[in-house]
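K.L.:
Chains A and B, in that order, are what the protein sequence lines are.
Numbering of the first sequence is given in the working numbering, commencing with residue 149 and proceeding in unit increments.
Numbering of the second sequence is given in the working numbering, commencing with residue 1317 and proceeding in unit increments.
Do not rely on the hints blindly, as some may be mistaken.
Taking CB as the label site, the calculated pair distances span [unchecked claim]: (1) A:Gly431 - B:Glu1445: 43 to 53 Å; (2) A:Phe548 - B:Arg1343: 21 to 31 Å; (3) B:Glu1456 - A:Leu564: 38 to 48 Å; (4) B:Gly1373 - A:Leu564: 34 to 44 Å; (5) B:Thr1396 - A:Phe325: 48 to 58 Å; (6) A:Phe325 - B:Asp1339: 47 to 57 Å; (7) B:Thr1522 - A:Val522: 55 to 65 Å; (8) B:Thr1342 - A:Phe200: 43 to 53 Å; (9) B:Pro1375 - A:Ser159: 25 to 35 Å; (10) A:Leu162 - B:Phe1580: 55 to 65 Å; (11) A:Thr163 - B:Phe1580: 50 to 60 Å; (12) A:Thr163 - B:Arg1343: 28 to 38 Å.
Computed, partial: chain B to chain A, Cβ under 10 Å [said to hold, decoys possible]: (13) Asn1352; (14) Thr1414; (15) Asp1425; (16) Ala1466; (17) Tyr1519; (18) Thr1520.
Read the hints as simulated data drawn from the structure, not as lab findings.
Ideal placement from N, C-alpha and C gives every residue a C-beta, glycine not left out.
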Amino acid sequence: MDFSAVGAAASEALTLASFIGIGGGVLLGYVVGVIPGLSRSVAISIAIPMTFYMSPFIAISFLIGLSKGTAAGSAVSAILLNAPGEASSAATSLDGYPLAKQGKPKTALQVGLIASVLGDILATIILIFVAIPFARVALLFGPYEMAAILAFALVFIAGLSGGNIFKGLAAGGLGIFLGTIGLDNQTGLPRLTFGYTELMDGMPLIAVAIGTLALSEMFIQSEKLRYDRENMSVALKKDSSDRITWPIFKNILPTILRGTGVGTFVGALPGLGPSVGSFMSYGMAQKAAKDPETFGKGNPKGIAAAESADNAVIPAALIPLFGLGIPGNVSAALLIGAFAIHGITVGPLLLRDNPELLYSIFAGMILASVIMLVLGWYGLMVFAQITRVPPHVVIPIVIFFCLAGMMLQGYGTFGLVILMAFALLGYLMKKYDYSFVTFLVAFIITPMLELNLRQSIILSRGNWEILLGRPIAMFFIACTAIALIALIIRTFRKEKPLADAPAD
Amino acid sequence: MKKTLSAILGATLLSAPMAYASDWPTRPLTMVIGFNPGGSTDIQGRVLANVMEEFLGQPVNVVNQPGGGSAVAFTRLKNTTPDGYTFLFGGTTALTFTPIITPVEYEIDDFEYLAAVAIGQNAIVTSAEQPFSTFDEIVEYGRENPMTYAQQTPLDEAIIMAIAEQEGLDLAIVPTGGGGGMAPLVLGREVDFAYSGGTHAQYTPTGEMVVAAFMSAERSPFYPDVPTLMELGYDYSIEDYRTIIVPQGVPDEVKERLIAAAEFASESEAFINITEGNTFFPVVFIGQEEMEENVRRIRAATEEVMAN
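Please model the entire structure based on the sequences and the hints provided.
P.N.:
Shown next, in the form of structure tokens:
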């Protein structure tokens, strides 16, 4: 490790500007997390245009701080409202809400917070120690390996996101189709641009992301308003006995460590979102407990297991991102877009050419965890109040940010029309149960996949035997084939999908 | 009271046209950059904007309008009011090359080329670990072995194809999607040699990458020993100038002010330090007359290359 770069990184992370940027990200994430219906990827897609005016380091740290904040904040509504702010906090409400009902809302919130922060810091440290050697190995990956891994990630994510292979193919196929729009990267000839200069660099990512993720979600939410149930938020009272104590902490610590492990493992694999991590961790904690029957009735261990895994997934998902430039989920895919906007290519060369930036981001991530602890601890009362903000106030504000974010892109009215088209598409996909996660990931991966596949075919001069000397590529091609076969078998057996991977 | 007011009003009305030249600009300006933030054009443009601001006495705001290698920005620039308050800073390939292969809604005559402040760099690079390091060695190696080349634009591909044909090389050409994609291919020796539009500045100081030849018309002062393709006997070059460009029809006094600001910038230490020190682009000052001629000359030469 380059220690002068580490020192420089630490000093960059500790400037006032970065405190404001990262702190602002965490705070915003917390608020978004608390509000049910506003998910992490919604927040990131809306926030990317806000980072245009920040330095690359602050921009990325702001977005990562935002992700972390949503993971911690979503526990608040899961515990007080029994309505998780994120799908991944659904496991938290299993024990969080009962414990709050028993008159211990503050204890539940504090357990959730401590588990979130610890899971977060530990997973960030693992990221730092894994990502660096991994990026060194990844430098050996050429176009063959990249093409194979990208194909695998695409099939794997498709397999996890929806049960039906036909709907998955339709969603993925549409994503691939839209991903091929723009100038051909070798001949420079326009493909499917219909004469629009604006489409030369492809469908604008921000329009696709904000449209299908954020704006369409607001349509769904406003529809739900009609059936809105009354607000049943548990109120926080002054009760000195309602707080986390040393025995409780000692009791949940092993659960937190296990949850962090599970979350890190799940996060590092492409395609498995935080929901898989938190439910897996919850299940393992229940199995390992001496009193499994108390789970679901307000056991603090249940909260700790779900929250630690939920938060550990976020830094872990950056391992394939920083190592290979491959997104593990939608949030990470949006981060690639954010890096690109700031002129940085994510991948193994990032560590070599921009070590200061990478170390600064790591330092920023640790800082974000600390800010999260302070904000969460002293702001509990305030955040608890946010659970009472009615959706008819939230929805118009979010729609405003969606449109403003698109305008900042500089596409003018054209951008707004495209945005609306994608919002409609996202709405229909959600209504008719097509996986928009598969769609988006396919859209984002396609240009990379196309380039690497073309390079492989040209460099090998069409000779398949070259793959025999490429064991890593062979391995991932085999994995892709297995995943595809498993997906087909599952469709015909009509089994349930592994998990409802949400848009994170 | 009424009298003085009308007197002031009259004076202002009278003096307005006379004061125009030296008073311009009276409000903030917009510099359009046709690429994303962070690239060499953006880095140079932002410093240039700061220095021009110093000279003009009004803020110069930078706006990035990426897309189609600046084609999007030029399309928009054509349709802005020609008052000089909006101008573009960037390379000239979107005019000398892009219209040849892509249908675009603008042409060379839609704009005026006020001043160039830096010369674009077009290099042929290879890894230091390859058995060849000069362009002659590449050609010699290629006569015996099949080789691979990573392109970034159809123009550099066309030139290399022509040379390969002339020298009898068996060459497979892959796309890279830009300098960021080129570097790992060259450093990982997945390809034998590649085009670089400036990315090499990052890797030659560490000794990992070698510049075999320049496609530019002249040698780079930063690599004085590396010859150009022209010097090696191939009649091809890619020329690119980082230029201040306005839509046709800007008043002469305004153009003069912008040109003076560009000249001021080309002598400014801050601009020279960043452009030469960080991006390895030589800083120059080329006036409007010469630039108008350059753009049309390069376009004609490029059309000839692409026609083959």
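K.L.:
Hint by hint, say whether it matches the structure.
P.N.:
A quick look at each hint next to the structure:
1. A:Gly431 - B:Glu1445: 43 to 53 Å: Taking Cβ atoms as reference, Gly431 (chain A) and Glu1445 (chain B) lie about 50 Å apart, which means the hint holds.
2. A:Phe548 - B:Arg1343: 21 to 31 Å: Hint holds: Cβ distance 28 Å, inside 21 to 31 Å.
3. B:Glu1456 - A:Leu564: 38 to 48 Å: Roughly 57 Å apart at Cβ, these two residues miss the hinted range, so it is violated.
4. B:Gly1373 - A:Leu564: 34 to 44 Å: At roughly 36 Å between Cβ atoms, Leu564 (chain A) and Gly1373 (chain B) fall inside 34 to 44 Å, so the hint holds.
5. B:Thr1396 - A:Phe325: 48 to 58 Å: Given a distance of about 34 Å, which is not inside 48 to 58 Å, the answer is violated.
6. A:Phe325 - B:Asp1339: 47 to 57 Å: Holds: the Cβ-Cβ distance is about 54 Å, inside 47 to 57 Å.
7. B:Thr1522 - A:Val522: 55 to 65 Å: violated (41 Å)
8. B:Thr1342 - A:Phe200: 43 to 53 Å: violated (27 Å)
9. B:Pro1375 - A:Ser159: 25 to 35 Å: holds (31 Å)
10. A:Leu162 - B:Phe1580: 55 to 65 Å: At roughly 38 Å between Cβ atoms, Phe1580 (chain B) and Leu162 (chain A) fall outside 55 to 65 Å, so the hint is violated.
11. A:Thr163 - B:Phe1580: 50 to 60 Å: With Cβ atoms ~32 Å apart, the hint is violated.
12. A:Thr163 - B:Arg1343: 28 to 38 Å: holds (33 Å)
13. Asn1352: holds (5 Å)
14. Thr1414: holds (8 Å)
15. Asp1425: The hint is violated - Asp1425 (chain B) has no Cβ within 10 Å of chain A, the shortest such distance being about 18 Å.
16. Ala1466: holds (8 Å)
17. Tyr1519: Holds, about 8 Å.
18. Thr1520: Constraint on Thr1520 (chain B) not satisfied, violated at 13 Å.
When each numbered hint is compared with the structure, violations occur for hints 3, 5, 7, 8, 10, 11, 15, 18.
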